[in-house]
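Undergrad: All chains, full assembly: derive it from the sequences and hints.
Residue numbers (full-length UniProt numbering), protein chains in the order written: chain A, 1 to 592; chain B, 1 to 356.
Hints listed in this document are in silico derivations from the structure and should not be mistaken for laboratory results.
Ideal Cβ placement from N, Cα and C applies to all residues, glycine included.
Don't take each hint at face value.
Unchecked claim - Some chain A residues flagged as far from chain B (calculated, every beta-carbon gap over 10 Å):
#1 R32
#2 S135
#3 E483
To be verified - Each computed BS3-like pair below joins lysine-lysine, with the alpha-carbon atoms no more than 27 Å apart:
#4 A:K486 - A:K517
#5 A:K518 - A:K486
#6 B:K286 - A:K419
#7 A:K535 - A:K518
#8 B:K286 - A:K413
#9 A:K489 - A:K517
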Amino acid sequence: MAKASFPGGIHPPERKALSTRAPLVRAPLPRRVMLPLTQHIGAPAEPLVNVGQRVRTGEVIARAQGMISANVHASITGIVSAIEEHPVPHPSAAVGECRALCIVIDGESGNADEGHGELKQKDEWLRMPPLDWRSSDDATLIARLRESGVVGLGGAGFPSAVKAQVRQRHAIDTLIVNAAECEPYITADDMALRTYANDIIEGARLFARLAGAERILVGIEDNKPEAIGALRQVLKNQPDDGMLLVTLKEVATRYPSGGERQLVQLLTNREVPSLGLPADVGVLCHNPGTLLAALRAVRDGEPLISRIVTLTGEALARPGNVEARIGTPMHELLAFAGLQPERLAKLIMGGPMMGVTLDSTALPLVKTGNCLIAATSEELPPTPPEQPCIRCGACETACPASLLPQQLYWFSKGREHDKAELFNLFDCIECEACAYVCPSHIPLVQYYRASKNEIHAREHEAHRAEHARHRFEFRQARLAREEAEKQAKRQARSRQLKKPPPATSQPAGDDLQAQIKKLRIAQAAARAAVKKAEKTLARVSEPGQSGATDLDDLETQLATARENLQATDARLAAAQAQVQGTATNDQDTQPR
Amino acid sequence: MSLMHASSPQARAATSTGQVMRWVLLATLPGIATQAWFFGWGTLINVLSAAGAGVALEALVLRLRSRPLGLTLRDNSALVSGVLLGVSLPPFAPWWLILVGMVAAIVVAKQLFGGLGHNPFNPAMVGYALLLIAFPVPMTQWAAPHGLFGPDASSLGESLGYFLGLASPADAMTGATPLDAFKHKPQAVLASEFWAGEPLPPGTLNAWHSAALAWLAGGALLLFKRIISWHIPLSMLGAMVLIATLMMASDPSHHAGPLFHLLGGAAIFGAFFIATDPVSAATSRKGKLYYGAGIGVLVMVIRSLGTYPDAVAFAVLLMNFAVPFIDYYTQPRTYGHSRPNRGIKVKRIDDDEGAQ
Chain A
1 MAKASFPGGI
11 HPPERKALST
21 RAPLVRAPLP
31 RRVMLPLTQH
41 IGAPAEPLVN
51 VGQRVRTGEV
61 IARAQGMISA
71 NVHASITGIV
81 SAIEEHPVPH
91 PSAAVGECRA
101 LCIVIDGESG
111 NADEGHGELK
121 QKDEWLRMPP
131 LDWRSSDDAT
141 LIARLRESGV
151 VGLGGAGFPS
161 AVKAQVRQRH
171 AIDTLIVNAA
181 ECEPYITADD
191 MALRTYANDI
201 IEGARLFARL
211 AGAERILVGI
221 EDNKPEAIGA
231 LRQVLKNQPD
241 DGMLLVTLKE
251 VATRYPSGGE
261 RQLVQLLTNR
271 EVPSLGLPAD
281 VGVLCHNPGT
291 LLAALRAVRD
301 GEPLISRIVT
311 LTGEALARPG
321 NVEARIGTPM
331 HELLAFAGLQ
341 PERLAKLIMG
351 GPMMGVTLDS
361 TALPLVKTGN
371 CLIAATSEEL
381 PPTPPEQPCI
391 RCGACETACP
401 ASLLPQQLYW
411 FSKGREHDKA
421 ELFNLFDCIE
431 CEACAYVCPS
441 HIPLVQYYRA
451 SKNEIHAREH
461 EAHRAEHARH
471 RFEFRQARLA
481 REEAEKQAKR
491 QARSRQLKKP
501 PPATSQPAGD
511 DLQAQIKKLR
521 IAQAAARAAV
531 KKAEKTLARV
541 SEPGQSGATD
551 LDDLETQLAT
561 ARENLQATDA
571 RLAAAQAQVQ
581 GTATNDQDTQ
591 PR
Chain B
1 MSLMHASSPQ
11 ARAATSTGQV
21 MRWVLLATLP
31 GIATQAWFFG
41 WGTLINVLSA
51 AGAGVALEAL
61 VLRLRSRPLG
71 LTLRDNSALV
81 SGVLLGVSLP
91 PFAPWWLILV
101 GMVAAIVVAK
111 QLFGGLGHNP
121 FNPAMVGYAL
131 LLIAFPVPMT
141 QWAAPHGLFG
151 PDASSLGESL
161 GYFLGLASPA
171 DAMTGATPLD
181 AFKHKPQAVL
191 ASEFWAGEPL
201 PPGTLNAWHS
211 AALAWLAGGA
221 LLLFKRIISW
231 HIPLSMLGAM
241 VLIATLMMAS
251 DPSHHAGPLF
261 HLLGGAAIFG
271 AFFIATDPVS
281 AATSRKGKLY
291 YGAGIGVLVM
301 VIRSLGTYPD
311 AVAFAVLLMN
321 FAVPFIDYYT
331 QPRTYGHSRP
341 NRGIKVKRID
351 DDEGAQ
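TA: In structure tokens:
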């Protein structure tokens with residue numbers, strides 16, 4: 001079999017050595033933390049605490065809302081001083097900065113009598129009971145993951161508890177540990193593996209069991225020899241439990257080999273279908289940091305209140321990786337790494353390819369913040385002015401998804417969204433390889449994002465129109481049902497009064513029979529419609545399938561179908577009563 | 001503190017369009033030098049005046065369009081168009097011919113369509129085709145291979161005189177191109193008899209062959225620097241060789257061989273420097289193969305059946321028309337799709353409908 005590979009890719013300067021020289025250390029406890037309620041994909045968490053309340057490290061301070069959401073925990077011990085909006089980094093790096101509701105906690109100083117001159121900050125923990133994952137059942141483990149607020153730490157921020165339930169819908173055979181870390185500068189996974197390789201593999205085994213995977217593949221780029229060494233050591237020492245095959249797979253360093261789809265292709269030679277998930281081809285991908293956090297949540301009962309973050313860039317005197325509490329203001333982290341403010345020109349969260357520039361160092365570290373680059377202006381110079389596209393094809397050569405970036409650019413710029421979709425705009429993973437190589441310095445992915453957003457906005461609009469139509473239909477159906485019932489009542493009343501209905505409006509017996517037949521058919525159809533609507537609703541309301549608006553809409557449709565059924569029932573009953581009525585009338589009249 | 005705000009990516013490869021064009025210019029040097037060596041000062045005067053006219057015209061139009069001059073001129077694209085048209089024109093062409101060609105190329109074919117990147121047709125070839133149709137006589141008087149310094153060569157001064165229109169080159173100074181001569185071979189004469197009759201000024205074939213090989217060297221440089229991909233040159237030349245071989249096999253007495261077709265005219269130059277113009281060429285790799293092959297076929301068809309002896313310009317322009325069509329049918333298979341999309345199947349999202 002030919003070695004699996006993906007097309008394109010680029011080799012930007014790695015610059016990882018900058019932050020791997022110093023060992024992984026703990027960052028000092030922050031005096032104050034700012035904890036956004038949206039550090040994950042999905043619905044924001046709902047605050048559980050009040051201003052002025054004392055919280056301990058690890059206490060749940062905001063509860064997940066809905067299917068896709070995650071708890072937020074206090075990351076230091078102290079007093080909730082405010083619940084207010086602050087600028088925060090968005091969980092999706094594509095958006096950058098946004099304002100979100102945050103819980104602010106002011107740290108509590110220790111007792112003065114402990115005094116060593118300076119007051120030591122208190123760090124009082126509230127842990128969950130430790131669990132042995134091998135002897136706990138799936139439901140307990142998933143509940144624990146949900147409770148501990150673990151989300152994908154690689155950047156996406158998808159709640160891990162939801163991902164752990166993948167079995168309900170997909171058959172998984174392979175769990176991939178995505179340790180490729182292909183973005184330049186970032187070394188958080190590298191350092192995590194060097195330090196906690198054993199725990200990470202243990203975490204992978206935990207997720208593999210939850211997903212029902214038969215094997216674990218650890219995908220890592222060959223530019224991390226120390227991490228590879230650590231993994232080898234662990235795999236050698238760990239007894240093979242016979243059930244689960246753990247394989248270390250080194251891949252050649254090439255951006256974006258750590259893209260989920262690309263890594264799946266590299267390691268398994270399977271392609272994730274367009275608009276699908278790796279689970280569609282039986283694969284589940286996890287970031288090492290997530291596995292570590294999950295294992296700690298289960299084994300040690302520690303919720304996700306800290307993460308490993310790379311502090312790097314030439315404006316830092318002591319770049320390195322630190323384990324920092326979530327919510328720590330970035331300037332504290334940067335100061336810890338020896339920031340030289342006069343040299344700082346660009347502050348980037350994430351890597352230099354897909355990361356975003358931040359406007360301020362006052363933002364808090366969030367769960368998805370894997371790297372902070374404090375770059376000088378020489379290091380990552382400002383973008384040169386955009387020049388016209390000459391369709392040189394450099395982007396096409398670099399694209400890992402075999403798209404035609406120059407065509408997509410053309411269509412996006414001309415707002416020919418339908419054509420952009422025809423050229424598979426939505427298969428773009430926004431890895432920025434095309435923009436990196438573009439000799440005309442065109443921010444290609446920005447154009448694609450604008451186009452995608454516009455398409456989504458239009459779809460949303462169409463959706464809303466559909467919604468309105470369904471609500472209108474429901475109203476019509478309700479009115480029709482009421483009318484039918486009224487009619488039926490009126491007929492019943494008139495029969496009770498033994499007053500034969502006026503002959504003009506009385507259909508002949510045969511006509512009535514035909515009408516009843518028709519109504520019976522209509523009734524069967526309406527019943528089928530109700531059943532169908534119920535089924536759709538049941539299917540869609542399964543966990544994690546679709547948004548709340550869809551559910552509302554489907555409920556409206558179901559209600560409409562029920563109204564229709566009731567209306568037909570009423571009409572049918574009225575017609576049948578009428579038939580009986582005429583029959584008795586006939587009997588009354590016959591003897592004469 | 002003011003932090004720089006920039007859209008991703010924050011890192012970029014150190015390339016620029018101007019640099020790409022500089023490599024193209026560099027790659028034309030062997031071809032220009034060889035052509036000048038054999039055909040005299042006229043080639044150099046053509047190249048320099050056409051390039052100068054190109055830049056001047058581009059600057060003029062940019063000013064009219066109120067576009068920033070510096071940034072656009074620095075992309076060197078007008079220079080490239082000028083050089084490419086300059087080497088295509090017969091040495092000793094008068095100044096007005098070059099000017100008309102450059103106006104057609106830069107003003108009409110390029111800037112009127114929106115400038116660099118927006119031209120559906122290859123600018124240099126639009127200029128060339130216009131001149132060939134409008135001024136067939138000066139366009140078909142190629143220089144005889146008297147060299148730069150040979151006994152019969154025109155001096156620089158004389159060449160400038162021809163350029164300025166102060167004098168016109170004597171008949172001895174000009175000669176037909178090999179393709180032209182062969183095209184006008186009488187029907188009764190066999191190919192072998194024709195060549196035995198020394199129909200061209202001595203050294204002509206050698207000069208053309210050398211120039212073609214020099215362009216090949218320049219093309220190799222472009223390939224090596226990955227400025228162009230191999231798809232278009234290979235498919236274009238491949239198609240020409242195939243057709244020429246078939247034709248010669250069918251009737252060797254009246255058809256020239258593949259080597260003659262490759263080296264006797266502008267085929268190599270066109271394959272590496274004209275057809276590969278990325279702006280007006282097909283997009284995907286597969287599309288480029290079709291595009292190049294189409295040019296090769298058209299060149300051979302026009303050379304053998306048409307009235308023009310060489311046909312690179314027309315073939316390229318005709319295939320430029322076909323590019324949007326080719327592009328819709330040659331998309332690569334995208335990751336996650338079982339097969340590539342073909343043709344135009346778009347669902348209309350109507351603006352008016354959404355707005356009501």
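Undergrad: Against each hint, give a clear statement of whether it holds in the structure.
TA: Structure-based check of all given hints:
no.: 1; hint: R32; in the structure: holds (20 Å)
no.: 2; hint: S135; in the structure: holds (40 Å)
no.: 3; hint: E483; in the structure: holds (31 Å)
no.: 4; hint: A:K486 - A:K517; in the structure: holds (21 Å)
no.: 5; hint: A:K518 - A:K486; in the structure: holds (20 Å)
no.: 6; hint: B:K286 - A:K419; in the structure: holds (19 Å)
no.: 7; hint: A:K535 - A:K518; in the structure: holds (26 Å)
no.: 8; hint: B:K286 - A:K413; in the structure: holds (24 Å)
no.: 9; hint: A:K489 - A:K517; in the structure: holds (21 Å)
In this structure, none of the earlier numbered hints is contradicted; all agree with it.
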